[in-house]
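Letter by letter, the sequence shown follows residues 1 to 471 in our numbering.
No lab work stands behind these hints, which were simulated from the structure alone.
Treat the numbers as computed from the prediction; the structure is a model and nothing was measured.
For every residue, glycine included, the Cβ atom is placed at its ideal position computed from N, Cα and C.
Accuracy of the hints is not assured; some may be wrong.
Stated by the list, open to error - For each label pair, taking beta carbons as the anchor points, the in silico distance ranges come out as: (1) Lys201 / Gln471: 42 to 52 Å; (2) Pro160 / Arg430: 29 to 39 Å; (3) His232 / Arg16: 52 to 62 Å; (4) Pro223 / Ala439: 34 to 44 Å; (5) Gln71 / Gly99: 23 to 33 Å; (6) Val109 / Pro223: 54 to 64 Å; (7) Gly54 / His232: 48 to 58 Å; (8) Gly428 / Val109: 44 to 54 Å.
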Amino acid sequence: MNTSAVSATPPLLFGRYRLLEKLGDGRLASVYRAFDERLHRQVLLHVLRKELIGQSRLHQRFLDEINANAQISHSALLEVFDSGEVNQRPFMVTEYVSGNILHGSGALVPARAAECMRQIASAVAMCQLRGLPHPPISSRNVLLIGENRVELIESWMITPEAAALDFAYYRAPEITAGSPPTPSSVVYSLGLLLYEMLTGKRAVQGASAQELAAAHTLLRLPPLAASNPALHLPAIDELLWKATQRSPERRIADAASFADALEVVWRTHSSETRRLTKRVQPAAVPRYTPNQYAPEPTASAPSPAYRGGTGKPVANRPPTNRPPTNRPPAIIGWLLLLLLIGGVGLASYTGASYLAERLFAIRLPPISISLPSIPQIRPPNIGLDVPDWIQLGPPREYYLVRIDVGEGLNLRDAPRLTSVIIATIPNGERVEKRGEPVAADGVEWVQVRVPRPDGPPLEGWMSLNFLEQEQ
Numbered sequence: 001m002n003t004s005a006v007s008a009t010p011p012l013l014f015g016r017y018r019l020l021e022k023l024g025d026g027r028l029a030s031v032y033r034a035f036d037e038r039l040h041r042q043v044l045l046h047v048l049r050k051e052l053i054g055q056s057r058l059h060q061r062f063l064d065e066i067n068a069n070a071q072i073s074h075s076a077l078l079e080v081f082d083s084g085e086v087n088q089r090p091f092m093v094t095e096y097v098s099g100n101i102l103h104g105s106g107a108l109v110p111a112r113a114a115e116c117m118r119q120i121a122s123a124v125a126m127c128q129l130r131g132l133p134h135p136p137i138s139s140r141n142v143l144l145i146g147e148n149r150v151e152l153i154e155s156w157m158i159t160p161e162a163a164a165l166d167f168a169y170y171r172a173p174e175i176t177a178g179s180p181p182t183p184s185s186v187v188y189s190l191g192l193l194l195y196e197m198l199t200g201k202r203a204v205q206g207a208s209a210q211e212l213a214a215a216h217t218l219l220r221l222p223p224l225a226a227s228n229p230a231l232h233l234p235a236i237d238e239l240l241w242k243a244t245q246r247s248p249e250r251r252i253a254d255a256a257s258f259a260d261a262l263e264v265v266w267r268t269h270s271s272e273t274r275r276l277t278k279r280v281q282p283a284a285v286p287r288y289t290p291n292q293y294a295p296e297p298t299a300s301a302p303s304p305a306y307r308g309g310t311g312k313p314v315a316n317r318p319p320t321n322r323p324p325t326n327r328p329p330a331i332i333g334w335l336l337l338l339l340l341i342g343g344v345g346l347a348s349y350t351g352a353s354y355l356a357e358r359l360f361a362i363r364l365p366p367i368s369i370s371l372p373s374i375p376q377i378r379p380p381n382i383g384l385d386v387p388d389w390i391q392l393g394p395p396r397e398y399y400l401v402r403i404d405v406g407e408g409l410n411l412r413d414a415p416r417l418t419s420v421i422i423a424t425i426p427n428g429e430r431v432e433k434r435g436e437p438v439a440a441d442g443v444e445w446v447q448v449r450v451p452r453p454d455g456p457p458l459e460g461w462m463s464l465n466f467l468e469q470e471q
């Protein structure tokens, strides 16, 4: 990092910002570390580079970027505190951040790489949604702050001339060919940046912008495991392949879709994932038999027992250590009998309807039970899934999993991106809606119920972005 003292006595700008240290020069601005005397905090001061004074186009471009940054509030983008102009040099004051530049930091552990990319893609998606510019995508523009935070910045760590070559490592082929950038052009850059995060090296190499442009036209990313055998991540390989297609029409559409796809396929490093497995049967309880608790016979017969002083022998009493017998009231027995009769009837009707529909294409009328005093009645869990046409209470809503990346959609125990993944539900699977959608972590979630052929159904939360309502 290039650091040099501004002067022996730090100057005070507008009677408020005391310049402490020059950090470097970016594409348009020189960046200083300063101290806000009014609010007593460190800030970053970005002021138009001195040599650009008089260049009206770049002057206006910097003003536009200041206005755009002031309209966005995102944890991965610098927050603008103030702006103005002094001696024909526009400036803006932003929050102060410090950390390590991603470039040269080596490969990140997969979980951290996923979290960093999630934040960057989310910030870029917000800019795309509002039609505003964002800092160029490059590992030199990514600042790692602590363990869980990242900032996408305008790099002041390298010279503007070096920055121009640096951006060529991530430039989509269609831009080099002269086509205007599209939202999918940024996805190409994000895919290359994610690859670099995981492997610690850039996907293309070249000594000039021309060599890098030629390398992009021939690019086909190798599997991550080719760089590190521990990175056996087929779902991520597929995501990177879709993000870096040469044709923009074949890529993931935009940064928001890329962020959603990354959240779906990244499962093994956010929490443990288990497949749908057979239900584990509880251990059998041994049945009670009269002889089970009888005392073991002894070699000699026991002496006759005597009662009081009558002198009359009485028979040996039965053992007293038998388990207590809990006899349920008669009403419970009747209820169980009625429940059994109802279950048999329901199962019979279910089987008959299934055979009629399969063999003769005859659909029996649905059973509809409406109980106004009870919001919803659910049948007892007797190991059978109630058919869709049997409606107990309010009508049910069903959705189909629609995801074209990875092996399926995550079923989570809570509506959060950091919650535990219960299972992975395959594409096309049918799920039942169990509640109204809720919004959390920028994702709309809905609680669902997933039937299983070999066990009780699973319940959890899914992203509504990848569910299609069944018609």
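Index of numbered hints that the structure contradicts, given in increasing order
2, 6, 8
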